[in-house]
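Chains A and B, in that order, are what the protein sequence lines are.
Take the first sequence: its position 9, counted from the start at 1, is 8 in numbering that gives the first Met the number 0, and no numbers get skipped.
Take the second sequence: its position 155, counted from the start at 1, is 154 in numbering that gives the first Met the number 0, and no numbers get skipped.
These aren't lab readings, by the way, just hints derived from the structure by calculation.
Computed from a prediction, not measured in an experiment: that's the story for all the values here.
Heads up, the beta-carbon is just placed ideally off N, CA and C, and yes, glycines get one too.
There's no promise every hint is true.
[As the list claims (entries may be wrong)] Not everything, but these chain A residues come out facing chain B in the computed CB check (under 7 Å): (1) Phe-1; (2) Ile-39; (3) Ala-40; (4) Val-49; (5) Ser-63; (6) Val-65; (7) Gln-68; (8) Trp-87; (9) Pro-93; (10) Asp-122; (11) Ser-124; (12) Arg-130.
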Amino acid sequence: MFKLTVNGRTHSVDVEPGMPLLWVLRGPLDLPGTKYGCGIAVCGSCTVLVDGEAVRSCALPVSSAVGKQIITIEGLSAKGRHRIQKAWIEYEVPQCGYCQTGMIMSATALLAKHPKPTDADIDRSMTNLCRCGTYARVKKAIRALAEGSASHVGKKT
Amino acid sequence: MAIAFSRREFLKVSTALGGGLALEFWFPANGAAGVGVATEVNAWIVIHPDDRVVIRIARSEMGQGTYTALAQLVAEELDCDWAKVSAEFASPNEHVRRKRIWGSMSTGGSMGVRSSQDYVRKAGASARAMLVAAAAAQWKVPEADCMAASGIITHQPTGRKLRYGDVAGAAAGLAPPKEVSLRDPADWKIAGKPLHRLDIPDKVLGRPVFGVDVALPGMLHASIAQCPVFGGKVASVDARAALAMRGVKKLVREEDFVAVVADNWWRANEALKKVKVEWDEVGNGQADNRSITAMLREGLADVKLPQARKLGDVQAGFAAAAKVVEAQYQAPYLSHATPEPQTCTAWLRPDGFLEVWTSTQNGEASLAAAAETAGLPLERVEVHKMMLGGGFGRRGATQDFVRQGVSIAKAMPGVPVKMMWSREEDIQHDFYRPASMVRMKAGIDALGRVLAMHTTIACPSITRVLMPTAAVKDGIDTSAVRFFSDMPYAVANQQVDYAMRNGHVPVGNWRAPGQQNAFYRECFIDELAEAAGKDPVEFRLAMLKEGDKNRLVLEAVAKAAGWGTSLPAGLHRGVAVVDGFGSYAAMVAEVSVSAAGEPKVHRIVVAIDSGYVVNPDTCRAQAESNVVFGLGSILYQEINVKDGRVVESNFHDFPLPRIAEMPVVETVLVPTGGFWGGHGEPGILPLTPAVCNAIYAATGKRVRSLPLKHHDLRGAKASG
């Protein structure tokens with residue numbers, strides 16, 4: 000039995016210690032916003048925040064997630080519309096959208112650490128793979144958030 | 000007909016209620032609308048009493064934007080309030096029952112908008128006419144005195160108004176007009192505008208919209224393994240260790256795959272790794288890169304090939320030429336690598352009805368595959384179309400994942416099972432972009448004009464693989480010869496020979512099928528321009544007839560990119576122009592090559608003429624998408640074959656470009672009207688040759704095979 004704190008709520012899950020956090024989220028916790036893409040921590044579709052850090056949940060055993068604050072896309076803001084999600088809508092970032100929840104979680108971690116990231120910061124932190132090629136818009140949305148020019152920036156929801 | 004809620008709401012409700020027994024099908028009954036319920040005005044349009052409009056979409060959404068663009072076209076002619084528009088997928092089951100009322104459900108070939116724009120716009124216009132007629136009848140006034148705009152009908156002489164929601168019920172009972180006229184695109188208010196896509200909010204909120212997100216009460220999960228050697232069959236299975244693992248419910252053995260069913264996908268996949276399978280490789284275990292290359296070489300050497308094009312006499316052209324240029328090009332197999340792996344949830348209900356949820360590029364094909372696998376009539380099957388986590392041609396003509404999902408469900412009657420492939424399974428069991436090899440020979444006269452061009456193409460046939468029973472006319476598969484068989488350059492003597500060499504690797508439609516020919520042709524044209532001592536843009540323009548839209552996009556891109564102007568040190572340009580999938584696309588690439596020989600694409604300028612543009616922002620997004628999708632295949636992607644199986648297995652050895660590699664993409668939309676072209680694929684066509692031509696400008700080295708990682712590009716020139 001593992002006690003997990005996900006999106007501010009505590010859950011007890013009876014799973015194998017080696018089960019990756021991703022499959023606890025998508026399984027017993029019924030939080031399908033976090034995606035499986037590769038299972039080897041390369042693509043980043045499974046990115047969640049663990050104590051504020053962007054982490055590939057497909058390679059994090061559930062036993063290592065105990066006692067940490069885990070935030071998934073579903074928990075990004077109380078009403079489900081975080082400023083980053085709003086910027087993503089405003090700049091029409093997603094195409095198929097499959098990688099975008101992970102992309103948004105990476106951007107959240109990046110902007111928390113570097114409110115005004117340089118291009119090099121973005122390139123270094125945003126290592127998520129997008130097959131559709133939304134990178135230009137990801138950059139545009141992050142820059143707008145950093146500069147405060149996204150129309151929703153600063154509005155609490 | 001009265002309906003209480005949309006299909007997606009229906010799914011949620013039925014799930015919440017604890018099972019699909021709440022899922023009943025509804026059928027239209029003209030004029031039966033009640034108070035407070037939504038009305039189907041026609042098959043495409045449902046209007047709620049509060050004026051909300053639900054537009055049914057028959058094509059699939061995989062990020063290309065068709066879901067929104069088609070809604071824009073319907074809403075334009077309906078003339079409703081866009082803020083009140085939502086969309087839902089048309090039901091494949093109803094489609095069958097209602098005699099294919101929604102036309103084609105196939106989503107490929109950049110056809111979504113261009114091949115249905117006529118009938119979806121007519122559906123919108125027809126519904127508007129019915130709403131106006133209903134209002135006129137209520138007022139007992141002539142229809143000609145009534146006008147509809149933004150969801151409101153106005154009786155012009157008196158100024159009285161009715162909302163669409165007021166009269167939708169009555170309108171549904173009227174006969175549709177026999178003829179409707181469509182708006183001139185110049186007058187569009189909703190279509191043609193960069194409106195926000197309808198599917199994006201759910202996607203950024205992480206809502207369960209994809210095939211892999213389906214959740215049903217009591218649902219189990221499956222992971223599957225197919226023979227690593229294509230075509231292989233299961234010979235024997237020892238699943239004792241797997242079946243003893245936690246959460247494992249069943250091993251499903253079929254002729255060509257095994258699957259483990261468990262209460263969690265990770266558990267199913269871990270257990271699958273413990274299943275010992277002996278495979279019958281059906282004699283394919285020897286094939287490898289060498290045998291495939293030999294097969295293609297033999298094709299090029301074949302002297303009795305069918306001709307995909309014959310104009311004039313190439314031999315006479317060569318005889319008259321001052322110079323003859325010859326080159327051989329090749330490209331490897333490529334995987335689609337859709338971000339969402341192949342998936343299918345199937346549930347053989349206790350009442351014998353089969354429900355399927357899947358990410359499909361063709362809901363109707365999924366329905367047919369599911370019904371055939373289950374041995375049920377089409378009417379006893381429903382396919383719930385989910386949003387696709389990428390498609391790129393992988394999820395259309397082949398419905399392998401649906402057959403597998405339904406086979407597993409048959410082994411678990413009454414229990415919904417969600418099958419998802421592992422990434423490894425996905426990379427190793429694709430229907431790949433064909434590997435091919437092409438030899439081109441051209442004769443140029445003393446003035447630098449091309450007198451003759453002879454092309455020989457050795458390439459597997461996608462049609463032959465996907466539709467084994469379909470006739471390939473005269474031995475020619477269009478997608479294997481296109482861009483040569485329909486080359487727009489005015490060359491009097493042309494011959495295109497096709498050697499169909501299939502091998503055992505399954506091939507399929509990979510974004511812009513045939514795009515490798517655009518690479519070969521447009522790089523060879525650059526070789527000819529150099530041999531002729533001409534500028535690559537001027538050389539092409541000289542071979543394009545007046546009025547050819549290839550000219551227009553080429554001129555537009557040359558202007559936008561500053562072709563002929565100087566570049567910063569280290570940057571070099573390349574150009575290409577290709578028409579396909581209904582549109583015309585020209586591109587200029589700016590690249591650099593480092594001292595270590597590493598290429599980098601800095602800027603792409605692309606000009607596209609698609610006739611009309613329904614959503615300019617989506618079209619720009621598709622141009623950006625085509626650049627990134629193609630870039631990986633230029634730089635490093637390849638599928639290698641060894642011992643009959645694919646060597647690559649995941650994103651570590653089939654890499655995708657990351658954000659740091661993304662060039663600036665500038666899209667110049669030059670819609671000239673009068674035709675409807677696509678956007679999902681045309682943008683990729685000139686990419687590879689434009690980049691490789693720029694690499695030549697940078698290094699003096701011709702790239703005649705891909706990917707670039709196999710080329711030694713050291714020794715770049717300082718400036719272009």
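Hints versus structure:
At a threshold of 7 Å, the smallest CB-CB gap from Phe-1 of chain A to chain B is about 14 Å, leaving the interface hint violated. Below 7 Å, beta-carbon pairs count as interface contacts, and Ile-39 of chain A has one with chain B at about 6 Å; its hint therefore holds. A cut of 7 Å between beta carbons decides the hint on Ala-40 of chain A: the least distance to chain B is about 10 Å, and the hint is violated. At about 17 Å, the closest approach between the beta carbon of Val-49 of chain A and any beta carbon in chain B exceeds 7 Å, and the interface hint on this residue is violated.
Checking Ser-63 of chain A against chain B: minimum C-beta separation of about 15 Å lies over 7 Å; hint violated. The beta carbon of Val-65 of chain A comes no nearer than 18 Å to any beta carbon in chain B, farther than 7 Å, and the hint placing it at the interface is violated. Using the Cβ-Cβ criterion of 7 Å, the hint placing Gln-68 of chain A at the interface with chain B is not satisfied: the shortest such distance is roughly 18 Å. Evaluation of the Trp-87 of chain A hint against chain B yields a held restraint, the C-beta minimum of about 4 Å falling below 7 Å.
Among the interface hints, the one on Pro-93 of chain A holds; its C-beta lies about 5 Å from the nearest C-beta in chain B, closer than the 7 Å criterion. Of the supplied interface hints, the one on Asp-122 of chain A holds, with its beta-carbon coming within about 4 Å of a beta-carbon of chain B, less than 7 Å. With a cut of 7 Å, the hint placing Ser-124 of chain A at the interface with chain B is violated, because the nearest CB-to-CB distance is about 9 Å. With a least beta-carbon distance of about 5 Å to chain B, the hint placing Arg-130 of chain A at the interface is held under the 7 Å criterion.
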